[in-house]
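Trainee: Chain residues, written in single-letter form:
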Amino acid sequence: MPVSGTEVALPLGEQEAVERFLDAPGEDSFRELFRATAPRVARYFRTRGCDRELAEDLTQEVMLTVFSQIGRLRKKELFRPWLFKIAKNALLQHFRRSGREVATVDLDPGRHESGGVPADSLAGSRFQEWMAWLEPDERRIMTLRYVEELEYHEIAELLEIPIGTAQWKVFHSKRKLAARFGEGTA
Amino acid sequence: MLLQHGISERKWLEFLDGTMDPEERRGIRAHLEKCAGCAKLASELAVWRNLLLAEGLRLREASRLPDEELDLLLARSMERIRSAEPVGARSSFAWTVADGIRVLRFLMEPICGPGTARAAIELAVRRSADDGSRVSGRNWRLFVGNLSDATALICGLAAGRLVDRAGLCLGIEER
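Sequences listed follow chains A and B, in order.
Heads up, my numbering is the position in the first sequence plus 30, with the first residue counted as 1.
Heads up, my numbering is the position in the second sequence plus 1, with the first residue counted as 1.
Hints should not be assumed to be uniformly reliable.
Claimed, not checked - Derived DSBU-like pairs (lysine-lysine); straight-line CA-CA distance at most 35 Å:
id: 1; chain 1: B; residue 1: K35; chain 2: B; residue 2: K12
id: 2; chain 1: B; residue 1: K12; chain 2: A; residue 2: K105
id: 3; chain 1: B; residue 1: K12; chain 2: B; residue 2: K41
id: 4; chain 1: A; residue 1: K206; chain 2: A; residue 2: K118
id: 5; chain 1: B; residue 1: K35; chain 2: A; residue 2: K206
id: 6; chain 1: A; residue 1: K115; chain 2: B; residue 2: K35
id: 7; chain 1: B; residue 1: K12; chain 2: A; residue 2: K206
id: 8; chain 1: A; residue 1: K106; chain 2: B; residue 2: K12
id: 9; chain 1: A; residue 1: K106; chain 2: A; residue 2: K118
id: 10; chain 1: B; residue 1: K35; chain 2: A; residue 2: K118
id: 11; chain 1: B; residue 1: K41; chain 2: A; residue 2: K206
id: 12; chain 1: A; residue 1: K206; chain 2: A; residue 2: K115
id: 13; chain 1: A; residue 1: K105; chain 2: A; residue 2: K115
id: 14; chain 1: A; residue 1: K105; chain 2: A; residue 2: K118
The set of hints was computed from the structure by calculation and includes no laboratory data.
Here the structure is a predicted model, which means the values were calculated and not measured.
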């Protein structure tokens, strides 16, 4: 039986919420899915140059797409890459609409600024400083791995690359960082 | 350097993430005791793994959506859902599983030929059905995925994609 979102003290785990929504798509199961996944989506936008208001608007768009398009998800194990693909497309659409450069927007933290002031939550962080030493594709993968907490197979699915490539990039990115910043002195 | 010792990038990541098979893990540990170069690399990778994990956690906390904002966002989203289309309306018309399979077969036959289409469908049913014989609304997505994979293998990626899109567009009754 679906559980009302307003009566649940603790949000369901993401996986459980996904399964429940897939089994019984409806408002109650969507509420749980929303609570479990919307913060992750909002963070995705915040770490990619969106201010809070824009991040929330885009998050809403993504979650409504999830609600209406869940039937297109082939395997529940691929929910997170699917979710991030929707988020990525929403961000690209937003930048297209607002006439901003889109060539490097894809999962490239720290590139976008608002009114000359870095708007994203990576700005000024050690993470951003580290990522500046990596290639764009390495930055994307490291951000997905360490900020978004995606597994290697999820990164591979999202970026449409072999798992081995994702692992190789992470391995060599760490070596680059170690060569540049040393051990534990970053 | 390390790869020359038979330890791939994937193995290093598994070793440091703690997801490696225990026996393999013991092997690498033993190797590290004898090989200063590998020990240095393991140390570097471990340090950077920990730094990245800690920084990732800090960033997640810094960009966390406050509960009250999440509640507001959820309320706004539910309002939009309700003002758009009633959930029940989405399934006002639904295909039965048999109809759905028939539609996919008609779609595949001109591309793959009747025999291949039938064989691919039978294979996908066997791979998808819980009891080995039946596809239902619950495992329809899995069935479409398996049929798409089989079709792509036999008739090419474009045909597989067509089956996938068509299969997922069909609303299938849960019976």
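Trainee: Hint by hint, say whether it matches the structure.
Mentor: For each hint, the structure was consulted:
1. B:K35 to B:K12: Since the Cα atoms of K35 of chain B and K12 of chain B sit roughly 18 Å apart, the hinted pair holds (cutoff 35 Å).
2. B:K12 to A:K105: 27 Å, holds
3. B:K12 to B:K41: Holds. K12 of chain B to K41 of chain B sits at ~16 Å (cutoff 35 Å).
4. A:K206 to A:K118: 27 Å, holds
5. B:K35 to A:K206: Holds - the C-alpha atoms of K206 of chain A and K35 of chain B are around 25 Å apart, at most 35 Å.
6. A:K115 to B:K35: At roughly 45 Å apart (the allowed maximum being 35 Å), K35 of chain B and K115 of chain A break the hint.
7. B:K12 to A:K206: Distance of about 18 Å is within 35 Å: holds.
8. A:K106 to B:K12: Roughly 27 Å separates the two Cα atoms, so the pair holds.
9. A:K106 to A:K118: 19 Å, holds
10. B:K35 to A:K118: 46 Å, violated
11. B:K41 to A:K206: Since the Cα atoms of K41 of chain B and K206 of chain A sit roughly 14 Å apart, the hinted pair holds (cutoff 35 Å).
12. A:K206 to A:K115: 28 Å, holds
13. A:K105 to A:K115: 15 Å, holds
14. A:K105 to A:K118: Between K105 of chain A and K118 of chain A the Cα gap is close to 20 Å, so the pair holds against 35 Å.
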